[in-house]
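Colleague: If you want the building blocks of each chain, they are given just below.
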Amino acid sequence: MPAERSLGELATLVGGQVRGDPGFRVEGVAPLEEAGPRHLSFFSNRRYKRQLEASQAGAVIVAPDDVSLLGAVRPALLVSNPYVAFARISAAFHPVRKHAPGVDARASVHAEARVDAAATVMALAYVGQGATVGAGTVLYPGVIVMEEARIGRDRVLYPNAVVREQCVLGDRVILQPGAMIGGDGFGFAFDPETLSHLKIPQAGTVKVEDDVEIGACSCVDRATFGETRVGAGTKIDNLVQVAHNVEIGPLSLLCGQAGVSGSAKLGAGVVLGGQVGIAGHVTIGDQAKFAAQSGVHTDVPANVTYGGSPFLRLADLVTEVRHLRQRVAELESGRAGPGGDGKGPSRS
Amino acid sequence: MPAERSLGELATLVGGQVRGDPGFRVEGVAPLEEAGPRHLSFFSNRRYKRQLEASQAGAVIVAPDDVSLLGAVRPALLVSNPYVAFARISAAFHPVRKHAPGVDARASVHAEARVDAAATVMALAYVGQGATVGAGTVLYPGVIVMEEARIGRDRVLYPNAVVREQCVLGDRVILQPGAMIGGDGFGFAFDPETLSHLKIPQAGTVKVEDDVEIGACSCVDRATFGETRVGAGTKIDNLVQVAHNVEIGPLSLLCGQAGVSGSAKLGAGVVLGGQVGIAGHVTIGDQAKFAAQSGVHTDVPANVTYGGSPFLRLADLVTEVRHLRQRVAELESGRAGPGGDGKGPSRS
Amino acid sequence: MPAERSLGELATLVGGQVRGDPGFRVEGVAPLEEAGPRHLSFFSNRRYKRQLEASQAGAVIVAPDDVSLLGAVRPALLVSNPYVAFARISAAFHPVRKHAPGVDARASVHAEARVDAAATVMALAYVGQGATVGAGTVLYPGVIVMEEARIGRDRVLYPNAVVREQCVLGDRVILQPGAMIGGDGFGFAFDPETLSHLKIPQAGTVKVEDDVEIGACSCVDRATFGETRVGAGTKIDNLVQVAHNVEIGPLSLLCGQAGVSGSAKLGAGVVLGGQVGIAGHVTIGDQAKFAAQSGVHTDVPANVTYGGSPFLRLADLVTEVRHLRQRVAELESGRAGPGGDGKGPSRS
Numbered sequence: 001m002p003a004e005r006s007l008g009e010l011a012t013l014v015g016g017q018v019r020g021d022p023g024f025r026v027e028g029v030a031p032l033e034e035a036g037p038r039h040l041s042f043f044s045n046r047r048y049k050r051q052l053e054a055s056q057a058g059a060v061i062v063a064p065d066d067v068s069l070l071g072a073v074r075p076a077l078l079v080s081n082p083y084v085a086f087a088r089i090s091a092a093f094h095p096v097r098k099h100a101p102g103v104d105a106r107a108s109v110h111a112e113a114r115v116d117a118a119a120t121v122m123a124l125a126y127v128g129q130g131a132t133v134g135a136g137t138v139l140y141p142g143v144i145v146m147e148e149a150r151i152g153r154d155r156v157l158y159p160n161a162v163v164r165e166q167c168v169l170g171d172r173v174i175l176q177p178g179a180m181i182g183g184d185g186f187g188f189a190f191d192p193e194t195l196s197h198l199k200i201p202q203a204g205t206v207k208v209e210d211d212v213e214i215g216a217c218s219c220v221d222r223a224t225f226g227e228t229r230v231g232a233g234t235k236i237d238n239l240v241q242v243a244h245n246v247e248i249g250p251l252s253l254l255c256g257q258a259g260v261s262g263s264a265k266l267g268a269g270v271v272l273g274g275q276v277g278i279a280g281h282v283t284i285g286d287q288a289k290f291a292a293q294s295g296v297h298t299d300v301p302a303n304v305t306y307g308g309s310p311f312l313r314l315a316d317l318v319t320e321v322r323h324l325r326q327r328v329a330e331l332e333s334g335r336a337g338p339g340g341d342g343k344g345p346s347r348s
Numbered sequence: 001m002p003a004e005r006s007l008g009e010l011a012t013l014v015g016g017q018v019r020g021d022p023g024f025r026v027e028g029v030a031p032l033e034e035a036g037p038r039h040l041s042f043f044s045n046r047r048y049k050r051q052l053e054a055s056q057a058g059a060v061i062v063a064p065d066d067v068s069l070l071g072a073v074r075p076a077l078l079v080s081n082p083y084v085a086f087a088r089i090s091a092a093f094h095p096v097r098k099h100a101p102g103v104d105a106r107a108s109v110h111a112e113a114r115v116d117a118a119a120t121v122m123a124l125a126y127v128g129q130g131a132t133v134g135a136g137t138v139l140y141p142g143v144i145v146m147e148e149a150r151i152g153r154d155r156v157l158y159p160n161a162v163v164r165e166q167c168v169l170g171d172r173v174i175l176q177p178g179a180m181i182g183g184d185g186f187g188f189a190f191d192p193e194t195l196s197h198l199k200i201p202q203a204g205t206v207k208v209e210d211d212v213e214i215g216a217c218s219c220v221d222r223a224t225f226g227e228t229r230v231g232a233g234t235k236i237d238n239l240v241q242v243a244h245n246v247e248i249g250p251l252s253l254l255c256g257q258a259g260v261s262g263s264a265k266l267g268a269g270v271v272l273g274g275q276v277g278i279a280g281h282v283t284i285g286d287q288a289k290f291a292a293q294s295g296v297h298t299d300v301p302a303n304v305t306y307g308g309s310p311f312l313r314l315a316d317l318v319t320e321v322r323h324l325r326q327r328v329a330e331l332e333s334g335r336a337g338p339g340g341d342g343k344g345p346s347r348s
Numbered sequence: 001m002p003a004e005r006s007l008g009e010l011a012t013l014v015g016g017q018v019r020g021d022p023g024f025r026v027e028g029v030a031p032l033e034e035a036g037p038r039h040l041s042f043f044s045n046r047r048y049k050r051q052l053e054a055s056q057a058g059a060v061i062v063a064p065d066d067v068s069l070l071g072a073v074r075p076a077l078l079v080s081n082p083y084v085a086f087a088r089i090s091a092a093f094h095p096v097r098k099h100a101p102g103v104d105a106r107a108s109v110h111a112e113a114r115v116d117a118a119a120t121v122m123a124l125a126y127v128g129q130g131a132t133v134g135a136g137t138v139l140y141p142g143v144i145v146m147e148e149a150r151i152g153r154d155r156v157l158y159p160n161a162v163v164r165e166q167c168v169l170g171d172r173v174i175l176q177p178g179a180m181i182g183g184d185g186f187g188f189a190f191d192p193e194t195l196s197h198l199k200i201p202q203a204g205t206v207k208v209e210d211d212v213e214i215g216a217c218s219c220v221d222r223a224t225f226g227e228t229r230v231g232a233g234t235k236i237d238n239l240v241q242v243a244h245n246v247e248i249g250p251l252s253l254l255c256g257q258a259g260v261s262g263s264a265k266l267g268a269g270v271v272l273g274g275q276v277g278i279a280g281h282v283t284i285g286d287q288a289k290f291a292a293q294s295g296v297h298t299d300v301p302a303n304v305t306y307g308g309s310p311f312l313r314l315a316d317l318v319t320e321v322r323h324l325r326q327r328v329a330e331l332e333s334g335r336a337g338p339g340g341d342g343k344g345p346s347r348s
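Residue numbers (this note's numbering), protein chains in the order written: chain A, 1 to 348; chain B, 1 to 348; chain C, 1 to 348.
For reference, chain A alone in the conformation it holds in the complex (with noise of 0.2 Å):
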């Protein structure tokens, strides 16, 4: 249970200004709808006025612009922005659970291993020959961590996610349940005399630099020669594969089940929605983001913002062939004419 604290030492952890009571006691942080009168929530987006007009949170936390729709009894945090510094304060509240460094007696570490001894190793766990674990990681039980893979500092991989042979993890990773690193990339030559699909070597590796969150069951393979990259900061949702010799730009966010083909570039601060598939060998300028459900077949430019469902579009096109159809419909009907007045054109 996280202690109580005062609004005002939560403005000095956000760099914030209180309006009203800096003693005022915040219990925990909560959204609008659930917050009660000891929770300080936030507010970021006037598309919810109504939200923060019925919420039952003691404080809030709101930009200085939106401060006058508070009402005058609240007390407020005034900070440029606000859903930042939720996340901030919210941390704080919520601090990353603690493990006990060390390896669990049933865990199984191989005599090669290097295991900071600032690291935790639960039960179950296994570390491979010759990899090498940074301080502060924990490994949960069922994480497989096989040879000479490199794990970096203050890692958290959740149960049963597993980094393949030689695969490079930053520091401040986070691995969520069953994110699997490091398998083979799909890669097979037809060979028609002996009539099979003849595997070619993945020789390389994956690497995950500092900061990367990868989603439950997500899946980066490793490269056919060199590496497959996920930049710097970037989060990957559950059940996004990641295949050979993809490399990722930092900050970039991937969303739940996208699929990013084999060789695919793609820039910094790209965002993939649910379900986008990228296809193989393109190229995705920085900052480009793709609805969910795109498909992307070619280049993208930095900055475009793409596509959508292929719903939404086929919506538009419905309708503007239902239109096509009607005017047709009345130039049979030698209804229509110039300037479409529904009268048709004189013809004798």
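Among the hints, erroneous ones may be present.
Heads up, the list lumps identical chains together, so a pair's fine if it works in one copy or across two of them.
As the list claims (entries may be wrong) - List of simulated lysine-lysine pairs, DSBU-like, C-alpha gap at most 30 Å:
| no. | residue 1 | residue 2 |
| --- | --- | --- |
| 1 | Lys98 | Lys199 |
| 2 | Lys49 | Lys265 |
| 3 | Lys289 | Lys49 |
| 4 | Lys199 | Lys265 |
| 5 | Lys289 | Lys265 |
| 6 | Lys289 | Lys98 |
| 7 | Lys289 | Lys199 |
| 8 | Lys49 | Lys98 |
| 9 | Lys199 | Lys49 |
| 10 | Lys98 | Lys265 |
What the hints contain is simulated information worked out from the structure, not anything from laboratory work.
With chain A fixed as given, assemble chains B and C onto it according to the hints.
Modeller: Coordinates of chains B and C only, in the frame set by chain A:
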């Protein structure tokens, strides 16, 4: 190998009537195409009349209205809902495998976990501090139950399924292999000052109600606050994504690779076809049904059957446009006219 | 580190001819862009002529017809199929990691399992009662093989892969990390009396034939009756769903996040692009190929190349509709006419 049963016994089990010999010995159940002379099969859809006629099945479960299709010779079990009766009888022939209760010596159970004496914890399974496991529940090898998770009675967690901290699962729940319950939701606030995506703590949990089944490698994320909820009796197929703060009503069906984005609310009896995507924050009414690959970006009322694949819609649209093209060509060539008689308008 | 080999040796290995010095020492293989002066690369597609010219590769595998593109200086290895030869030579340089045979003391192998003396069972792997594991097979940590499963020879099961009860895998099969074989198929009968989805027992198994590879977190469900079958030599990428009673012919390729619904039958050499969805009960002919994100709801004959993404089709359709709109507008304004000359019909 399940024991033989008489047709009369099976009729009693499902509340049906026997036509023919109630002493007919049934060795097992099978679909029409695969059934032999000692098998009981079922017929529930007149589309499969030909399969019925060709079937070697010794006896058939059939609705009273359809019994005439069966011919005079074969014994029959008459019930109003043959498929439901078949499910019950098949369950009698294929009882769930029993495991001796107890904790295997190679499992890892925290001293402060509470595992019911009638539960089974197999080798290499893990139960964390403060977690509870109810009577009759089976944890297969590789199952990881983290701190303070609560697992009900008569549950089956297949190999390598994970239940993270504080998540709650009701009675008679089944997790298929590699199902991941309680990973962190995908929530970040971009901080322009530090140029980083700040992690929003995912301080909530997951509540999986009674009689839910969750497929292999499906992921249900924990809530930011409060709980992500999967309603009683809902069934989720493989590789399905259920994001943080989603609420799914009872008795819904989510087919393979469907995805539900954050804070979406699904009613009771909702059906999502394979690879369907539901956008965040939308509300889907009871009994709404979505064909495979549908993308849903807005609220949907109850009882709607939605969309279908972009492909089906595209096919219709392609036909429509082709037709329009021809009509326009005819207009242009002066051959079309009122009534669409193909003779063209009188023009002078 | 693989040893050096002479170009002459490698030519013998793949049945090719050397142009230039057969004693040229090759240290390894690499793609054109990354190869250095001691690397052997390959050239198989004239689209990459520029990469060939710019490459630092010391020697190149090339088809006889293309050898002129290579310039006179570099040694070459002439073969009819350079990519296949590259696959074989790369495999020679990157042999599959050997593991000492034997069962690790921290593995969990049932007394009644039969593990060949020449198999490797690593720490934290599990083999259940009555299961068999063939010679040369390697079970990585976290692999779970349940009761009576049968695992052939020379298989590799990467960490946390699962094979459930009674499933059968042939020889030389590879399961990538977290692949899930034999989860229950998704089959329920809605019972209006108890208002519940009754589980249909999934009493069948999975048969994975020889030389199959299955990707990370891919799921192949067990059959309701009989078996779900993956044909010899078929390769399945990551996060692919194969539902109960599916039959996949030999030598097919299923790319990432593709899904095949229940009882669908795929022929030999079928190719599914990424995120393709195949509906239940359809039949797909041999060699049929489906572009990424295709949705397939009907039977498809052999040798068809299907569809492509909704997006590609939409793009064509948008162009077509835009064109029609203009023609209709011209008709309405009286400017179009026979012959489409833009002058409009004579009207009086």
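Colleague: Hints first: check each against the structure and report whether it holds.
Modeller: Now for the hints, and whether the structure bears them out:
1. Lys98 x Lys199: between (43 Å within a copy, 17 Å between copies)
2. Lys49 x Lys265: between (41 Å within a copy, 21 Å between copies)
3. Lys289 x Lys49: within (28 Å within a copy, 33 Å between copies)
4. Lys199 x Lys265: both (24 Å within a copy, 25 Å between copies)
5. Lys289 x Lys265: Cα proximity of Lys289 and Lys265: in one copy and across copies (14 Å, 25 Å).
6. Lys289 x Lys98: So Lys289 and Lys98 fail the 30 Å test inside a copy (36 Å) and across (44 Å) alike.
7. Lys289 x Lys199: between (34 Å within a copy, 20 Å between copies)
8. Lys49 x Lys98: Classified as neither; 38 Å inside a copy, 56 Å across copies.
9. Lys199 x Lys49: between (58 Å within a copy, 25 Å between copies)
10. Lys98 x Lys265: Neither. Shortest intra-copy (37 Å) and inter-copy (34 Å) distances fail the 30 Å Cα cut-off.
Violated hints, in rising order: 6, 8 and 10; the structure is consistent with all others.
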